[in-house]
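Student: Add chain P to chain S, keeping to what the hints say.
Note that the protein sequences, when read in sequence, are chains S and P. Heads up, the first sequence is in the numbering used here, so the first residue is 1 and it goes up one at a time. Heads up, the second sequence is in the numbering used here, so the first residue is 1001 and it goes up one at a time.
FYI, nobody ran anything at the bench for these hints, they're computed from the structure. None of the values given here were measured: they were computed from a predicted structure. Even for Gly, the Cβ is constructed at its ideal location relative to N, Cα and C. Mixed in with the good hints there might be a few duds.
[To be verified] DEER-style ranges, computed between Cβ atoms:
| id | chain 1 | residue 1 | chain 2 | residue 2 | range |
| --- | --- | --- | --- | --- | --- |
| 1 | S | 225 | P | 1132 | 18 to 26 Å |
| 2 | P | 1054 | S | 210 | 57 to 65 Å |
| 3 | S | 2 | P | 1054 | 51 to 59 Å |
| 4 | P | 1293 | S | 135 | 49 to 57 Å |
| 5 | P | 1263 | S | 135 | 52 to 60 Å |
| 6 | S | 289 | P | 1050 | 33 to 41 Å |
This is what each chain is made of:
2 protein chains.
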Amino acid sequence: MERFGARLQQATGRRGPLCVGIDPHPSLLGAWGLPDDAGGLAAFCETVVDALAEEVAVLKPQSAFFERHGAAGIAVLEQTVRAARSAGAIVLLDVKRGDIGSTAQAYADAYLLAAAPLSVDAITVNPYLGFESLRPFLDTAREHGGGVFVLGLTSNPSEGTGLQHARVAGADSGTGDPSTGGPSTGDPSISAAAAVLASVRAENAVAGAAVGSVGVVVGATLSEVDLASAGIGGAGLDVGGPVLAPGLGAQGGTAADVSRIFGSVIEQVLPSTSRDVLSAGPDPAALRSAALWQRDVLLEAFRV
Amino acid sequence: MERFGARLQQATGRRGPLCVGIDPHPSLLGAWGLPDDAGGLAAFCETVVDALAEEVAVLKPQSAFFERHGAAGIAVLEQTVRAARSAGAIVLLDVKRGDIGSTAQAYADAYLLAAAPLSVDAITVNPYLGFESLRPFLDTAREHGGGVFVLGLTSNPSEGTGLQHARVAGADSGTGDPSTGGPSTGDPSISAAAAVLASVRAENAVAGAAVGSVGVVVGATLSEVDLASAGIGGAGLDVGGPVLAPGLGAQGGTAADVSRIFGSVIEQVLPSTSRDVLSAGPDPAALRSAALWQRDVLLEAFRV
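In isolation and in its complexed conformation, chain S is listed as follows:
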């Protein structure tokens, strides 16, 4: 199977650099006049997939909103994933899984094997238990043409307690570009986020493809100062693979922000929005228009 990085690049080249999150929040079900149960969830997802899966490059269902409804919700997730992929969308399932050993392998098998009921193109993963704890995800994805997006930096330092800002020994950060935009403090340590990005960069370098299949998640709501303070500003964002940037739209990031902040990796950034598009529903034409408008704004901003 073709590698995920190449497939993603083709999809965004054809359809534009946009990811739309499928976040069936109870309040959104209510706004659409749907009950907060598995039936409402199914109707919601069917409408979103019908309206968007033939137009948008990447759809990103958020697992939590399906898990709320137990097995019946997961059945809707299975159906949603299948329908979206059949219509030509790449499906990135937002599950943020992370575990060790055979449990990490079980999660990888659950989402990255073609034969699995919940087989998707890519998933998000959590590196808290150590980047090497993600090895089963990385290996399974590589063997089966899938993608993995590792949580990098999602909150700004002023929010305080995020372990993404913890300091780790910088010994193996040498695999990255030295000009990471971080402040020069004489401190040999680097942020946990910078260490994660360095590990992803090394992983993509070893794989040796033109476009890597291991991505990172870096919030679209962060400022240049936030990125610089975590030591991942400018060229430091280049991990040789895709950069998922959630938070576009209702959460505060604009296309111009994304274009400016992710300018050094503009070919690889995948901005993600959800509320702004979904709240245009339930009319399918309005949903589609909202998504295509957002895509066109991004294309315009990225051209500058």
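Tutor: Relative to chain S, chain P alone:
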């Protein structure tokens, strides 16, 4: 509803301080002569619950092994949880979820609300996005008598990349006991694991119950040196709530190790084993014997 901390203490007082993990690994299904599908999974779990749920204080299903089988696997998980709770066991679902805002709330609702299809007594959570990102889990658990176990320290420092060993500013570690057993280096920073334990301790202190309902996960395979190097040795392990210690048995920790290393919090430690008990199956009597033997060894070791 009675608080989780009190319910857990009553259960371990009556049944002994043992948690048995339900990890239906494909190799284990094979060893039991069962197919690696939802039917095999259901037969496996039914046997385990029938054999153990009336005897063991806590059963801990590992979500990954159910997610592998999609919606059909989650239906088995629903049934397993219901049956185990009906038989009087406390169910701690090992999901290691972590997210922000309304997504974290959706995960909390999925597992900690009584009306949810997958309602359990407690879950494990991942603090990578910041301890405060766990607020929806903590609040929902408190309101509904549930428990939350936050990943603390699961790997030893020599394994290297674990962000649990990253250093964070130690400013708010003052809520804990100063004698945390860590080395005195003049460095004002503390390990991420120590910061997590301090936050859990503060959370339990605010709740003000005799036994807290917010727990931590600290590996039973760690040595005193590992804990001291992370600054959580000795009294530092006391978070005013339960300490789940996975890795007993096949993974290397013995009852004597647990008794020695967790001696300062022996009333609160909940050792967890899985492979050692499950590999005694599929004979229900053998399964039960293996669990009760493990429990008795722990009771003996803890008495010393």
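Student: Okay, residue 1293 (chain P) versus residue 135 (chain S) on CB: inside 49 to 57 Å?
Tutor: violated (34 Å)
Student: Do the Cβ positions of residue 289 (chain S) and residue 1050 (chain P) conform to the proposed distance bound of 33 to 41 Å?
Tutor: violated (56 Å)
Student: At the C-beta level, are residue 1263 (chain P) and residue 135 (chain S) separated by a distance inside 52 to 60 Å?
Tutor: Because 34 Å falls outside the window, the suggested range is violated.
Student: In this structure, is the beta-carbon distance linking residue 2 (chain S) and residue 1054 (chain P) contained in 51 to 59 Å?
Tutor: Holds: the Cβ-Cβ distance is about 52 Å, inside 51 to 59 Å.
Student: Hint says 57 to 65 Å; check whether the CB-CB distance for residue 1054 (chain P) and residue 210 (chain S) agrees.
Tutor: holds (59 Å)
Student: Within 18 to 26 Å or not, the Cβ separation of residue 225 (chain S) and residue 1132 (chain P)?
Tutor: holds (21 Å)
When each numbered hint is compared with the structure, violations occur for hints 4, 5 and 6.
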